[in-house]
Every structure is written in C-alpha cells, then in structure tokens.
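S.K.: If you want the building blocks of each chain, they are given just below.
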Amino acid sequence: MWNSPAEFFAMGGYALYVWCSFGVCALVFLIEPLAVRARHKAIIRRLQREAMAEQFDQKGGK
Amino acid sequence: MSNVNNLASSRVTNWFKFSSPSTFYPLAGKMIPWFWALSIIFGVAGLWISFFVAPVDAVQGQGYRIIFIHVPVSWMSMFIYLVMAAWAGLGLVFNTRLSAMMAQALAPIGAWMAFLSLWTGAFWGKPMWGAWWVWDARLTSELILLFLYLGFIALQASIDNARRADKAGAILALVGVVNVPIIYFSVKWWNTLHQGASVSLTKAPAMAQTMLWGMLLMALCLWMYSIAVGLMRVRAIILEREAHTDWVKQLNEVKY
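Order-wise, the sequence lines are chains A and B.
Going by the working numbering, the first residue of the first sequence is number 14, and it counts up by one from there.
Going by the working numbering, the first residue of the second sequence is number 34, and it counts up by one from there.
Misleading hints may appear alongside valid ones.
Only pairs whose alpha carbons sit at most 27 Å apart, straight line, appear in this in silico BS3-like list of lysine-lysine [to be verified]:
no.: 1; chain 1: A; residue 1: K72; chain 2: B; residue 2: K63
no.: 2; chain 1: A; residue 1: K54; chain 2: B; residue 2: K221
no.: 3; chain 1: B; residue 1: K159; chain 2: A; residue 2: K54
no.: 4; chain 1: A; residue 1: K54; chain 2: B; residue 2: K288
no.: 5; chain 1: A; residue 1: K54; chain 2: B; residue 2: K63
Looking from chain A toward chain B, a few residues come up when the C-beta cut is under 7 Å (computed) [to be verified]:
no.: 6; residue: F22
no.: 7; residue: G25
no.: 8; residue: R52
no.: 9; residue: I56
Stretches of chain A that chain B covers, calculated by requiring three or more beta carbons in the stretch to come under 8 Å of a beta carbon on chain B [claimed, not checked]:
no.: 10; segment: 14-21
no.: 11; segment: 27-35
no.: 12; segment: 38-46
no.: 13; segment: 57-65
Hints listed in this document are in silico derivations from the structure and should not be mistaken for laboratory results.
Glycine included, every Cβ here is placed at the ideal spot set by N, Cα and C.
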C-alpha cells in the first residue's frame with residue numbers, strides 16, 4: 014500500500030491531522046503512567062521517611 | 034482497622050476479601066505487568082491494521098485513519114464513566130473504602146479519554162467538515178462528559194474528609210450517568226453533523242471487516258491500558274489514604 018516511508022508519513026496530504034491525533038494520544042498514554050509512577054514513588058518515600066523518623070525517635074528516647 | 038474488616042467479611046463471603054485495601058494492594062501489584070503486556074500486544078496489532086492493512090477510504094483518503102484512535106478513545110471515555118459511576122455507587126451502598134478509591138483512580142483516565150476524543154475529533158473535523166469545532170449534539174454532550182470528569186475530580190479534591198469526599202463524588206458521578214446514553218444516542222435523536230454509529234449491535238457493521246478489527250484491537254489496547262493505569266493509581270491512592278495503618282507500615286517497600 015505504501016511505496017516509500019515518505020509516502021507513509023505524508024498520509025496522502027493529511028499528515029498534520031493524522032499525526033497530531035495519534036501523536037497527542039501517544040504522548041498522553043506515555044505521560045500518564047509516568048506521572049502515576051512518580052506519585053506512587055513519592056508516597057513510598059514519604060512513608061519511608063516517617064518509618065525512619067519513628068525509629069530514630071525510639072532509639073534517641075532510650 | 035483493616036484486620037477487623039478482614040475478619041468480619043471473611044465470614045460473610047469471599048468476595049469482600051478483596052474489597053480490603055490491604056489484600057488488594059499486593060494483588061493489584063501482581064496484575065499490573067500482565068495488563069501492560071496485553072495492552073502492548075493489542076496496540077501493536079491494532080496499529081498494524083490501522084496503518085498497513087486497512088485500505089484507503091474512497092471519500093476521505095488517508096485522513097480517515099484517525100477513526101482507529103478516535104472511535105476507541107470515545108468508547109473508552111463513555112465506558113470508563115459507567116465503570117467509575119458503578120464503583121462510586123458500590124462505595125455509597127456498601128461503604129467499602131476500596132470501591133471509592135477505584136472510582137477516584139479511574140476519573141483521570143476517563144478525563145484524558147474524553148479530552149482525546151474531542152482532540153482527535155477536532156483534527157478529523159477540520160479536514161472533513163472544515164471546522165475544528167461545531168456546537169453539535171454529539172460534540173457538546175462529549176464536552177459535558179469531560180466537564181463531569183473534571184467536576185468529579187475537583188469536587189473530591191475540595192473536600193478534606195476522604196469519606197465525605199467519596200460520598201459527594203459518588204452522587205455527582207451517579208447523576209452524571211444520564212449523560213452517557215445522551216452522547217450515545219445523540220446522533221439518532223438530533224440532526225447532527227457528526228456521522229451515525231460506525232458499529233451497531235443490531236445491524237451488520239457498515240464498514241469493512243478489517244476496519245472493524247482495527248478499531249476493536251485498538252479499543253482492547255486502551256481497555257487494558259486503562260486497567261493497568263487504574264491499578265497503578267489505585268495503589269498510590271491506597272498508600273496515601275491508609276498511610277496511618279499498621280499494614281502499610283509493615284510493607285516491605287516502606288520498612289526501614
């Protein structure tokens with residue numbers, strides 16, 4: 014169907030519309046999981062710091 | 034707290050066992066990679082059909098290929114809303130913490146799907162209709178869906194007490210359900226610029242088999258993606274909201 018990569022990327026003159034649609038979708042589907050992973054890591058770090066602080070308190074109190 | 038819940042629910046039925054965040058957290062962690070794998074497999078197959086197998090359209094040329102992303106994101110925006118409202122409703126009825134967290138985890142995914150539906154629709158409408166946007170019944174009701182998602186997220190964020198936020202959000206989500214059939218049937222009920230349903234349950238699909246397969250595979254890809262991201266987000270929400278509990282403090286990734 015496509016004779017050359019250039020023809021594929023040109024999308025029969027609809028390149029702007031096709032690639033802006035698929036491109037922005039790809040971007041969203043990439044960024045969202047990364048943002049969620051960052052949120053998960055942030056809460057883990059917070060909990061680790063709290064656990065550390067608690068242990069420090071217990072040791073220091075004795 | 035969670036131990037008490039576990040004991041109480043194990044006597045009733047096993048189903049409620051997984052409604053406890055402490056049991057669901059590790060289970061969700063194990064399921065996530067599988068849903069990612071399925072999503073990638075369906076996505077590669079779907080994109081292959083979309084760009085290399087499906088023939089060029091007689092009227093719209095290559096520009097019609099936007100259908101392979103536009104229709105699946107639109108389906109998902111409506112479907113996720115129904116699932117989110119169902120979880121929120123379950124949380125309201127059974128007062129289970131996890132159901133409300135599931136609804137909360139799904140809302141941003143649904144909002145993104147609604148946004149992408151409007152975005153890809155604009156980039157399809159411009160070359161075919163000559164306008165990025167028209168105040169057509171289908172487009173307007175989809176925009177309302179996006180606002181319902183954003184309203185749900187904003188309402189929950191604005192209430193400090195998590196349980197009260199869950200209840201208020203659930204009521205908003207359930208009232209908003211009425212919008213989903215309006216979107217779906219808008220092309221029948223009103224004279225819209227937007228074309229009618231591409232795929233219908235009652236009559237043979239009005240399109241080539243390959244196109245149907247492309248859309249179905251892309252929809253499956255997004256479905257698996259939504260589950261994967263939903264589980265990832267619900268895990269973060271569980272830790273945030275259960276931070277004070279013993280089971281969270283006993284988690285290996287948290288222990289110091």
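S.K.: Does each hint fit the structure? Answer for all of them.
M.R.: Hints, one by one, checked against the model:
1. A:K72 x B:K63: With a Cα-Cα distance of about 36 Å, the restraint between K72 (chain A) and K63 (chain B) is violated, given a limit of 27 Å.
2. A:K54 x B:K221: Between K54 (chain A) and K221 (chain B) the Cα gap is close to 47 Å, so the pair fails against 27 Å, i.e. violated.
3. B:K159 x A:K54: violated, 41 Å
4. A:K54 x B:K288: Holds: K54 (chain A) and K288 (chain B) sit about 14 Å apart, inside 27 Å.
5. A:K54 x B:K63: Roughly 17 Å between the alpha carbons, so the hint for K54 (chain A) and K63 (chain B) holds.
6. F22: violated, 11 Å
7. G25: Since the shortest Cβ distance to chain B is 3 Å, the answer is holds.
8. R52: Holds: closest Cβ of chain B sits about 5 Å from R52 (chain A), inside 7 Å.
9. I56: Given a least distance of 5 Å, the restraint on I56 (chain A) holds.
10. 14-21: holds (count 3)
11. 27-35: holds (count 7)
12. 38-46: The restraint on the segment 38-46 of chain A holds, since 5 of its residues have a Cβ under 8 Å from chain B and three suffice.
13. 57-65: That given contact holds, which follows from 7 residues of the segment 57-65 of chain A lying within Cβ reach (below 8 Å) of chain B.
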